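Residues per chain are reported as follows:
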Amino acid sequence: MEDKNILNLKDLNVYYGDFRAVKDINLDIQKNKITAFIGPSGCGKSTVLRSINRMNDLVEGTRTEGEIIFQNRNIYNPEVDAVSLRKQIGMVFQKPNPFPKSISDNITWGAKINGYKGDMEELVEESLKEAALWDEVKDKLHENALRLSGGQEQRLCIARAIAVKPEIILMDEPASALDPIATLKIEDLMKTLCMDFTIIIVTHNMQQASRISDYTAFMMTDDKRSGHLVECGKTSELFIRPKNKQTEDYISGRFG
Amino acid sequence: MDAIRQRKSWISKIVFQVATIIGIFALLILMFSIFNEAFGYVIFVNEKSPQEIYNSGNNLGEATKEELISILEDNISRGLMRRFNFEQSFSERSSENILELVMTEVVNPQIVKAWSLTSSLFGKKKIIETLKNDYPKGNLEFRSWLSLNFLLSPQSSIPEKTGIFTALTGSLMLLLIAIILAFPLGVATAIYLEEYAKPNKLNNLIQINIYNLAGIPSIIYGMLGLAVFVRFLEPITSGKIFSQTINSTANGRTILSAGLTLGILILPIIIINAQEAIRGVPKSLKFSSFGLGATKWQTIWHHILPYSMDRILTGSILAVSRALGETAPLIVVGASTFVAQKPDSVFSKFTALPIQIYQWTARPQPEFRKVAAAAIIVLLVLLLTLNAGAVLLRNHHNMKKKG
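Residue numbers (this note's numbering), protein chains in the order written: chain V, 1 to 256; chain L, 1001 to 1403.
Okay, chain V solo, but in the shape it has when bound (with noise of 0.2 Å):
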């Protein structure tokens, strides 16, 4: 079966002020596959990730060249709404970060402020157990979120985001924060997820994008510190067999 794009980035710019962060992305991202930025520090993985869903507007003084053409539009027009756009294209932190409420209004929050009008208690059972946390948390529904363990707190982010049913999940290194047990976990869920949504991670950690990812593109910074994209392509033959001399180089663990 020929995989299906559903997000092509052409051209893509992001300036922060007078500094260019990000040079020329062109890329296709694949729908229902996981595709995995990486690179080292400071390459503009994490900047291209929040242009997708335009997170990058609340930061001040950036500036977006280039077009995201996601369900036939460009999401950088002027009548495409951000926040609606957000909706579609939801999000996960590098930090977990659920909202200081009990675990079932996290979940619902996003519902109700999206106009959802179905059975909420439904959508906590159906988002849980998606995000793999129903088993581990179906008795303290209304206790306080924060008092989950750190790695229980992302899949709670990530049952949040999927409550709101986008197309797209970003996750910016979304096991970064946690120990390798919790890692495991949220790489397994990853897995079962990418069957209904679409999945980009940015993550540090070769072995993960290696383990997990359906698609990787490596990015590097150029001497003006800004980033570019070096090399995309399927997992296993990037891994495998690079195209680039600079891509081998850090998937070897020569540098970065």
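Be a bit skeptical, because a hint or two may be false.
Under 7 Å between C-beta atoms, here's a sample of chain V residues computed to sit facing chain L [unchecked claim]:
#1 R86
#2 K87
#3 M91
#4 G110
#5 N114
Derived Cβ-Cβ restraints for the label pairs, each shown as a range [stated by the list, open to error]:
#6 V/K224 / L/E1276: 34 to 40 Å
#7 V/F19 / L/S1284: 22 to 28 Å
#8 L/N1209 / V/K245: 56 to 62 Å
#9 L/S1009 / V/N244: 56 to 62 Å
#10 V/F19 / L/P1282: 23 to 29 Å
Covered stretches of chain V (chain L as the covering partner; in silico rule of three or more C-beta atoms under 8 Å from a C-beta of chain L) [what the hints assert, rightly or not]:
#11 95-101
#12 160-171
Hints in this document: simulated from the structure, not taken from any laboratory. These numbers were taken from a predicted model, which means no experiment stands behind them. The beta carbon of each residue, even a glycine, is placed where N, CA and C say it ideally should be.
Knowing the structure of chain V, use the given hints to seat chain L on it.
Quick look at chain L alone, frame taken from chain V:
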């Protein structure tokens, strides 16, 4: 080398300790002088002694209602009797009420000499001597100038009868108006400046101005209140625009004017505190809300405000406790120094606790200093209550953050 370092750190520790001790010492002296004045022995002389007017017993408190009425009849004019009867007929009055009438109209005890707490405790012999030599008819009593009666009585020119009820209600009404004005305005401004305003020149100028406003001497706010609320907005602040029947000689120098002035005074403090509270909301919380497709308003209303509200309240309470102690702007706006009736609306003349204290200390009779000390205790208790509330809220906030 190491010894010098150790020595330096030892010396700095001593310096800090001395500074702390000096501060605590100053506070203790202040508290001592207040409590020293507020309690102590007094000598009072009765115009007519209870034994003189009540023959069948020793204690007036044991007299029956009928006996009390006959005492009144024997000792005061018929006209006064008729007036009391007209105000409330004697048959309807309780015997406590009539006893009170007897005490004020017939017995009429008057304080002729008062002592401080220290001289009461350590110089009792001398006091008894004074009583025997100078006031053979006098009675000695240990008096707390701070009493329930003191809290509930209106102002009076007689020190033992005066109270702070007018000043207390005045102060509380002023604070209420100040809060109603300053809290919503302040929080709204803080939200705008933190969440909406772009960092351009104009907004920086506004921000700097707010910081400066918080430091302006309060008397300047008094001038502002006088010019704007008392003079310019007189039809509104005197209440004439709302009702023709208000007959007040206040001419805009009303509770409303003063309350609004205090509101303007604490507005910058509330704004700055609320801004800091809002700035303290973790970015991750905001991002997770935006990441779920929330609008700016939904993020502010559901996450930023609930998260920062106890810190906003803490700051506002501290601002209010500042307003409670303010005197200068109230004098400029035209606080009355003598108001015998409690304020019945926001368009009444007013007095406030600090004004009252100032006015009492300025009087020549030494007994009024005792009264002032009692009023200071009331003011301090109010301030401490407010500040304790602020501390409790802050602790609550810290606990919440820990989860």
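Structure-based check of all given hints:
| no. | hint | in the structure |
| --- | --- | --- |
| 1 | R86 | holds, 4 Å |
| 2 | K87 | holds, 3 Å |
| 3 | M91 | holds, 4 Å |
| 4 | G110 | holds, 4 Å |
| 5 | N114 | holds, 6 Å |
| 6 | V/K224 / L/E1276: 34 to 40 Å | holds, 38 Å |
| 7 | V/F19 / L/S1284: 22 to 28 Å | holds, 24 Å |
| 8 | L/N1209 / V/K245: 56 to 62 Å | holds, 58 Å |
| 9 | L/S1009 / V/N244: 56 to 62 Å | holds, 58 Å |
| 10 | V/F19 / L/P1282: 23 to 29 Å | holds, 25 Å |
| 11 | 95-101 | holds (count 5) |
| 12 | 160-171 | holds (count 3) |
Going through the hint list in order, the structure satisfies each hint without exception.
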